[in-house]
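Starting from the given sequences, assemble the full structure and let the hints guide the process.
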Amino acid sequence: MVMRALKALVARDLALAARVGGSGALSLVFFLMIVAVVPFALGPDLNLLSRIGPAILWLAAVLATLIGLDRLFQADEEDGSLDLMTGAPVPMELVVLAKVLAHWLTTGLPLALAAPLFGLLVALDGTAMAATSLTLLVGTPALTFIGAVGSALTASIRRGGLILAVVVLPLMIPTLIFGVSASEAALGGTVPFTTPLAILAGLTLIAGVVGTVAAAAALRWSE
Amino acid sequence: MRLTAQNLTVRRSGRRIFSDVSFTVDAGEALMVTGRNGAGKSTLLAVLAGRLKPEAGTLTVAGVGEATLPECLHVVGHRDGLKSPLTAEENLAFARDLLGMPTASPRAALEELGLGHALKLPVAYLSAGQRRRVALARLLVCRRPLWLLDEPTAALDVASQGVLSGMMARHRAEGGLVIAATHQALGLDGARELRIEPARPDARASQAAAAGDVWW
Chain A
1 MVMRALKALV ARDLALAARV GGSGALSLVF FLMIVAVVPF ALGPDLNLLS
51 RIGPAILWLA AVLATLIGLD RLFQADEEDG SLDLMTGAPV PMELVVLAKV
101 LAHWLTTGLP LALAAPLFGL LVALDGTAMA ATSLTLLVGT PALTFIGAVG
151 SALTASIRRG GLILAVVVLP LMIPTLIFGV SASEAALGGT VPFTTPLAIL
201 AGLTLIAGVV GTVAAAAALR WSE
Chain B
1001 MRLTAQNLTV RRSGRRIFSD VSFTVDAGEA LMVTGRNGAG KSTLLAVLAG
1051 RLKPEAGTLT VAGVGEATLP ECLHVVGHRD GLKSPLTAEE NLAFARDLLG
1101 MPTASPRAAL EELGLGHALK LPVAYLSAGQ RRRVALARLL VCRRPLWLLD
1151 EPTAALDVAS QGVLSGMMAR HRAEGGLVIA ATHQALGLDG ARELRIEPAR
1201 PDARASQAAA AGDVWW
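In the order they appear, the protein sequences are chains A and B. By this note's numbering, the letter at position 183 of the first sequence is numbered 183, and the numbering carries on one by one without gaps. Adding 1000 to a residue's 1-based position in the second sequence gives its number in this note's numbering.
Some hints could be false.
To be verified - Residues from chain B that face chain A, not an exhaustive set, calculated with beta carbons under 8 Å: (1) L1073; (2) R1079; (3) L1086; (4) D1097.
Unchecked claim - Distance ranges between label pairs, derived from CB positions: (5) A/I52 with B/K1120: 48 to 54 Å; (6) A/L105 with B/S1127: 41 to 47 Å; (7) A/L105 with B/R1143: 48 to 54 Å; (8) A/P174 with B/R1036: 52 to 58 Å; (9) B/G1190 with A/A25: 53 to 59 Å; (10) A/L109 with B/A1067: 35 to 41 Å; (11) B/A1062 with A/P174: 45 to 51 Å.
Stated by the list, open to error - With a cut-off of at most 20 Å between alpha-carbon atoms, the simulated SDA-like pairs for lysine to any residue come out as follows: (12) A/K7 with B/E1071; (13) B/K1053 with A/G80; (14) A/K7 with B/E1089; (15) B/K1120 with A/T86; (16) B/K1053 with A/P89; (17) B/K1053 with A/M92; (18) B/K1120 with A/A8; (19) A/K7 with B/L1086; (20) B/K1053 with A/R220; (21) B/K1053 with A/T86; (22) B/K1120 with A/R220.
Derived from the structure by calculation, the hints contain no laboratory data. Positions of the beta carbon are idealized from the N, C-alpha and C atoms, including for glycine.
Here it is, written out as C-alpha cells:
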C-alpha cells in the first residue's frame, strides 16, 4: 500500500511536469542558456573556456536546479493536496522522498545527461565531459535534497522563490566545491579523481537523510 | 469508529481562536459545526485533519485499530486538492492510490455525481461547482470512516446538493461519521450541532497578551 501511494505521487509529479505550466524541460533550457551566454561574456579564448568549463557547468546546474523548486511544496500547500498527503497512510518523510525523486528525474538527471553535449559550448575534451557528467549525476541529488528543505520552509509564503534561493544557495556551496574539484581532478593534478568524488557522494547521502527529515518536519509544523 | 475531542484550545499566530471545545461523534452520527464567519470552523477541521496542533486538549479515536486520525478521514474543503492540468479521472485515481482502500472507480464516482462526461477533461476547464463535485467524488473512490466537509454545498446546484445529502445518508447508514462546517441545512437527519463561539470573555486580554508576545 505504501509503495502504491509513493508510485502514485511520483507519477503525478512527472505528469504535472510534462503538462502545460509544468517545469519539465524548462530547467534544461535554462541550463543551456547560461552555458551558452558565458562564452559571449568571456570571449572566444578556448584555453580559458576549457579550463573553467566544469565550473560553468556546475554553476549552471545549481541555478537550473532552483527552477521549479519554489513550487515543489508550495503548489500542494495552496491547492490542498498537502492535506491529502497528511491523510495518506505514509509518513511525511516518504512523501518528501517521492517528491524529491520526481523533481530530480525532471531536473538533475536531464542536466547530468545533457552535460556532455553542452560541454561542447565551453570547449571541454572527452575526459572532462565524462567527468563533469558523472559528478553532476552524483551531486545533483544533493542539490535537490537541500533545496527541498528550503522549499518546505517557504511553502506557505507567497512569492517565496527569492527567499528560497537566498536560504538554499549558501548550503549548496560544499556540493559545488567538491563537484567542481572532482571534475577538475579528472583533467590531471595532484588529487586523484576518486577522492573528491567520494566526498561528493558522501555529501549527497548526508543531504538525503538530513534533507528528508528536515523538510518533513518543516511541512508538519507549518500552518 | 468513535471520535472524542476534549477541551480543544487552538491558538494561531499567537491569537486564540477558540477554547474548550468538546464533542463526541459515534458511528452513524453527524455533527454540524456552526458559528459566524471567522469563529474557527475551518480551524477546527484543520485540527481534526492533523494540519494544526491544538494548544491544549485531546483527540482520541476508538475502533479503528492502529490507524491515526488523519488516516481515517476524508477532507473536502475550500482548497479542493485538485491539480488543474490533470483530468478529473487522473485526480481521482491519484487520490485513490495515495489514500488506499479503494472502493469505486473514478468513472463510477463521477457518474454518481453527474459528471461522467468530464472524466477525461482537465479540471482547469471545469466550473467552480463542477470542481467541487470532482472533489466530492473523492469521498466515493476510497473508503474512510470520517468525512470532514467544509462548506460542502458552496457553489453546488440544488440537484447536486440532493446527491450529496444522499451520499451522506448512505455513508452514515454504513456506520460512517460526518463532520460538516456549514451555514446551511445540509439535509442531515438527526445531526447534532456544535456552535463555536470565539473566545470572547478574555478576548481582549488574550489579544493584549498576543500583542505583547509579538511585540519584541
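Each hint tested on the structure:
| no. | hint | verdict |
| --- | --- | --- |
| 1 | L1073 | holds (6 Å) |
| 2 | R1079 | holds (3 Å) |
| 3 | L1086 | holds (6 Å) |
| 4 | D1097 | holds (3 Å) |
| 5 | A/I52 with B/K1120: 48 to 54 Å | holds (51 Å) |
| 6 | A/L105 with B/S1127: 41 to 47 Å | violated (34 Å) |
| 7 | A/L105 with B/R1143: 48 to 54 Å | violated (32 Å) |
| 8 | A/P174 with B/R1036: 52 to 58 Å | holds (53 Å) |
| 9 | B/G1190 with A/A25: 53 to 59 Å | holds (56 Å) |
| 10 | A/L109 with B/A1067: 35 to 41 Å | holds (36 Å) |
| 11 | B/A1062 with A/P174: 45 to 51 Å | holds (50 Å) |
| 12 | A/K7 with B/E1071 | holds (18 Å) |
| 13 | B/K1053 with A/G80 | holds (17 Å) |
| 14 | A/K7 with B/E1089 | holds (17 Å) |
| 15 | B/K1120 with A/T86 | violated (27 Å) |
| 16 | B/K1053 with A/P89 | holds (19 Å) |
| 17 | B/K1053 with A/M92 | holds (16 Å) |
| 18 | B/K1120 with A/A8 | holds (18 Å) |
| 19 | A/K7 with B/L1086 | holds (16 Å) |
| 20 | B/K1053 with A/R220 | holds (9 Å) |
| 21 | B/K1053 with A/T86 | holds (13 Å) |
| 22 | B/K1120 with A/R220 | violated (34 Å) |
Going through the hint list in order, the structure does not satisfy hints 6, 7, 15 and 22.
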